[in-house]
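What follows is each chain in one-letter form.
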Amino acid sequence: MTDETCQFEVAGEVVIAHPSGAAFVPSQNTLIVSDLHFEKGSFFAAKGQFLPPYDTRATLSRLQTAIDRFQPVRVIALGDSFHDGAADTRIAGDDWQSIQTLSARFDWTWITGNHDETLPAGIGGTICAELKLGPLTLRHEPTAAPARGEVAGHLHPCARVQTSSRSLRRRCFVGDGDRLIMPAFGAFTGGLDIADKAYDGLFDGSVTAWVLGRSRVYTIPAKGLAGVS
Amino acid sequence: MILAPQEDLALPETFQSWFKGRGWQPRAHQLDLLAKAQAGRSALLIAPTGGGKTLAGFLPTLIELSALGPRKPGRPRGVHTLYISPLKALAVDIARNLEAPIAEMGLPIKVETRTGDTPASRRQRQKTSPPDILLTTPEQLALLLAYKDARRFFESLKYIVLDELHALVTSKRGDLLALDLARVEALVPGVRRIGLSATVKDPDHLQRYLVPQRTGDERAALVLGKPGQPPQVTVLASEAHIPWSGHSTRHAIPEVYNAIQAANLTLIFVNTRSQAELVFQELWRINEESLPIALHHGSLVVEQRRKVEAAMAGGKLKAVVCTSTLDLGIDWGDVDLVIQLGAPKGASRLLQRIGRANHRMDEPSCALLVPSNRFEVMECTAAKEAAEHNILDGELERTGALDVLAQHVLGVACAEPFNLAKLYDEVCTAAPYAELAYEDFEAVVDFVATGGYALRSYDRFRRIVKTPEGKYRIANPRVAQRYRMNVGTIVESPMLKVRLRKSVKARGGRVLGEVEESLVDQMVPGDTFLFAGEVLRFEGLHETEVAVTRTMDENPMIPSYNGGKFPLSTYLAARVREIVSTPEEWQALPTQVAEWLEIQRFRSVLPKPGELLVETFPRGGKNYLVCYPFEGRLAHQTLGMLLTRRLERQNFHPLGFVASEYAMAIWSLEDMSPLKMSALFDQDMLGDDLEAWLAESALLKRTFRQCAVIGGLIERRFPGQEKSGRQVTFSSDLIYDVLREHEPDHILLRATQIDAARGLLDIERLGAMLERIKGHIVHRKLPRISPLAVPVMLEIGKEPIYGEANEVLLRETEATLVQEAMRRD
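As you go down the protein sequences, you meet chains Y and B in turn. Its first residue numbered 1, the first sequence is counted upward by one per residue in my numbering. Its first residue numbered 230, the second sequence is counted upward by one per residue in my numbering.
Hints in this document: simulated from the structure, not taken from any laboratory. Treat the hints with care, as some may be off.
Under the rule of at most 30 Å between Cα atoms (straight-line distance), these lysine-lysine pairs were calculated in the DSS-like manner [stated by the list, open to error]:
1) B/LYS700 - Y/LYS47
2) Y/LYS197 - B/LYS734
3) B/LYS455 - Y/LYS223
Just chain Y, same shape as in the assembly:
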């Protein structure tokens, strides 16, 4: 595997960031992915915008890559796994089967999010709103104040990296050593600039973005990020 990952600590726990947007916690043998947004394409199609109906399988195929890379025992989906409550009525049969197979093969946890407060029946795995993992607390929406050990998603962070010639916008992990916000993993998920006020007050210390490149994760401290101090 030539994927170049990146390693850092969250509240003392070692976390490995993968260019797909997945995070691996080696001590727990656990893979975490956030904001899969399955069936976002068909959600828009039902409203008259025919986005390609392939986002769920594209997301699953990337998830498979990350799983193959780390061979975890446990997989945690950090909320908003399904784009909406009716996603299971639109999902293609083989995609649904792939999901069921995955959740049966691993110790699988679905954390609920604002898009999927109730998960489809028969999904398999464990469903909960929050989960402890060593020093880490996993939940979908970040707590408003600094929260040591929290790993959350929801915000779809992306960073604008100031390079010598222009700024480049990429999905990223963002954290300050105490807490971590995960990038959205889903194939059609947009991003929210980490300079946006939605992130105000979340971090105590200096922020670092672990930026997703095509096959590498780049470590960019606040200094190299547009609009972040």
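Could you slot chain B onto chain Y? The hints should help.
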């Protein structure tokens, strides 16, 4: 002029005395066009600006309407004539110009405009009680045709007048208009079309466009106006040092200022908005006489533009710095000099712009061309000759775009149910779609109905459904509503409002105009930039607005110059190659430029017109390969991408490349001089390499976005509609990636590839070049850089590169920051 009896008949007494009363004679082409129209024919009128073209186009209408007599109260009559113009402002201008003859002859004719700016209440009223002459745009025509009562609305239509047709037909807008004309013909057969056009190289193409194509032999009648005086064009022989590269024309600003002083009213054309800002700033820096010099470009707020236009018309200005926004036919004052800063890139565009000066036919227009660098000196010289001898660029005839067809099909369904086979026949009567294959048409309809995916999962969300009679209609009224929100083929990159605040803390303030989102992405708070003629400090992005304050900063950042939108035309390119290879022609060039070419001949070689010169040389520890195809930046960029891939495979470790309008340079770790150049430049690069590169090209993603919006896959974003902050939309790039992986032959991807081949990637032109140079490559291995190579080498680092390069930039940035952080001092 004595009128022939037949022509005399055509022109009623009222009109004859009106002409006489104004001291005018009807011109031959006006009467000729009238005769053709009255004989029931459609016609194309080609005449220079100032030739009474507009009046000619409306004469048949005015005469017919005057015979109808006054309107009877309570008995509305339908639209008699539609006038279509590419610009809203032009429609408004024409309305004003028509007022005079109608009022003076006391004709019972009602004229109105209908554009995006027309209030909804009036638009509504126009549908039930239309004017006799409706002046509008292609987009509005599409909207009118998509209303349920379209058939009734158009039932008494007799004429469609198409203004500036040459400008319309070369784009997707022209495709849409062609489809709309076919629709009108289906609703009301026999409507005559009158096309008005500036001189074009190939009128036959426009003649075909104007009339329904059934056998392929149909042509509108051709009427030619008397050509105007040839223009007087001068290429500025600058006293200053002529730069080796760059596009600023800063060196010539004092000379431009002198020319402005000497003229009455000057239009200064530049190729981009950012260049307009820069030139405006530079002119004011030396404007000791405080000459009234104004700025006009598409990003400025409408009120600001209207102010400048009014000041021009009122004779209050001395000069206006402008972009193509002032290209087309609006008369805003007594312009007597046109200055083109930077090479005009095409002879036809230059002629169009020169035509803005002096609207009197019997006097020549004056123009001054200001080359911004040495290669441009030759390009301007070629353009000057072309303008003087009226040589025009050939325009490729368009094949109608599939995304535009998709939009049209939905529009047709919004108006009334359609029959598949009948609609196919109708579409094929539009010249750009004459060759459309039935399977492609079916695929487009399927795309409109369900997205057209192989995975049939969207069949239950159909937008158009089959009726029991086997026709297709829209599934529900919401579809029509959404269609109306998304009509048109102009897809601007997302724009953000610029609001000037009194201070950093202050709220509110005046809106100065709009800038591209991509420009804002490049800036951090504190950066300064030029906009609306002022130096502004970027304070931050607030929701969807850019907050700025005034600043005294002397050195604002210049937004990257993207080389202009237009590539060098094939005709000018060929002529520049000729000048380079013919020393006898250098006498006409400034000494600095002639000397430069002389030393090139001595140090390397000057390629003959049919040849491609390739030079290789070492420099600063790297190895360079520079070639000079003169085919325009887009084709060179594609060439650079493809050669880089090829060199990578052959282990030459290419590090980067840069493309200019005239040349392309690649640098690598290994010496490339042992390469067999004929193999390196073999046409087969357009096969697999191209496919592989397309897969990840950012340029293709940009094209895809346009096709997706026009085709109705993605809806337009409207200002204010976006939720602030939180990004709830999706990115077209991601959709492109997924679609390409899972359904690579989807119809929208095909549309994208066709577009890119002609547009951003210019593959057609690159292909023609590779064919042309086969067996004619001259390779020189040099000990050091050649004079001809200097301009393109100076571009290194200034030009944005796409694709892989972004990853390199990220890697560099990370490395720099790490190094800085790890330093122990």
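How the hints compare with the structure:
1. The suggested pairing of B/LYS700 with Y/LYS47 holds, with an alpha-carbon distance near 23 Å, which does not exceed 30 Å.
2. Under the criterion of a C-alpha separation no larger than 30 Å, the hint pairing Y/LYS197 with B/LYS734 is consistent with the structure, at around 17 Å.
3. Distance restraint check for B/LYS455 and Y/LYS223: the Cα-Cα separation of roughly 66 Å exceeds the 30 Å cut-off, and the hinted pair is therefore not satisfied.
Of the numbered hints listed earlier, the single one contradicted by the structure is hint 3.
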